[in-house]
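Chemist: Sequence:
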Amino acid sequence: MIVVDSNVLAYLYLPGEFTAAAETLLEHDPDWNAPVLWRSEFRNILAGYLRRGQLTFGQAHALQGEAEDLLRDGEHEVDSRSVLELVRDSECSAYDCEFVALAMRLGTRLVTMDGKVLRSFPDISVPLTA
Numbered sequence: 001m002i003v004v005d006s007n008v009l010a011y012l013y014l015p016g017e018f019t020a021a022a023e024t025l026l027e028h029d030p031d032w033n034a035p036v037l038w039r040s041e042f043r044n045i046l047a048g049y050l051r052r053g054q055l056t057f058g059q060a061h062a063l064q065g066e067a068e069d070l071l072r073d074g075e076h077e078v079d080s081r082s083v084l085e086l087v088r089d090s091e092c093s094a095y096d097c098e099f100v101a102l103a104m105r106l107g108t109r110l111v112t113m114d115g116k117v118l119r120s121f122p123d124i125s126v127p128l129t130a
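For the sequence shown, the working numbering begins at 1 and goes up steadily by one.
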């Protein structure tokens, strides 16, 4: 079991530099988890692709559905106090701290490529690629 941030999901579904690493991660650990916030963040990523003409509406909708299927049993609410404590003690956004708080609560790692998260929480976060 791992927690993945929204960008790791995007790497899995939107071909790019880190797609192969995301696919390998899924093969090795298919139990992906995320705070419910991932849905909005992923939709926002898809919105950028839509606006740049890199995806059609149908493609974006299908990708959102695939990601929702992947995380169907892995979505979690997070405690606001925990998130705010992490914000207080780091320079990370509350959005990023939701993923960290969830990983801490589940006793697992957060997989991310966010440099600020990796620097602020080296005991809980690991890079998608080393």
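Hints in this document: simulated from the structure, not taken from any laboratory.
Incorrect hints may have been included.
Claimed, not checked - Per label pair, the in silico range of CB-to-CB distance: (1) GLY107 - ARG81: 32 to 42 Å; (2) ALA94 - MET1: 17 to 27 Å; (3) THR129 - GLN59: 19 to 29 Å; (4) GLY107 - PHE57: 33 to 43 Å; (5) ARG109 - GLY53: 11 to 21 Å; (6) PRO30 - LEU118: 21 to 31 Å; (7) LEU84 - GLU23: 16 to 26 Å; (8) LEU84 - ARG52: 26 to 36 Å; (9) ARG81 - THR56: 18 to 28 Å.
No residue lacks a Cβ here, since even glycine has one placed at the ideal position from N, Cα and C.
Chemist: A separate judgement is required for each hint: does it hold in the structure or not?
Modeler: Okay, the hints, checked on the actual structure:
no. : hint                       : verdict
1   : GLY107 - ARG81: 32 to 42 Å : violated (18 Å)
2   : ALA94 - MET1: 17 to 27 Å   : holds (23 Å)
3   : THR129 - GLN59: 19 to 29 Å : holds (26 Å)
4   : GLY107 - PHE57: 33 to 43 Å : holds (39 Å)
5   : ARG109 - GLY53: 11 to 21 Å : violated (36 Å)
6   : PRO30 - LEU118: 21 to 31 Å : holds (23 Å)
7   : LEU84 - GLU23: 16 to 26 Å  : violated (35 Å)
8   : LEU84 - ARG52: 26 to 36 Å  : holds (34 Å)
9   : ARG81 - THR56: 18 to 28 Å  : violated (42 Å)
Going through the hint list in order, the structure does not satisfy hints 1, 5, 7, 9.
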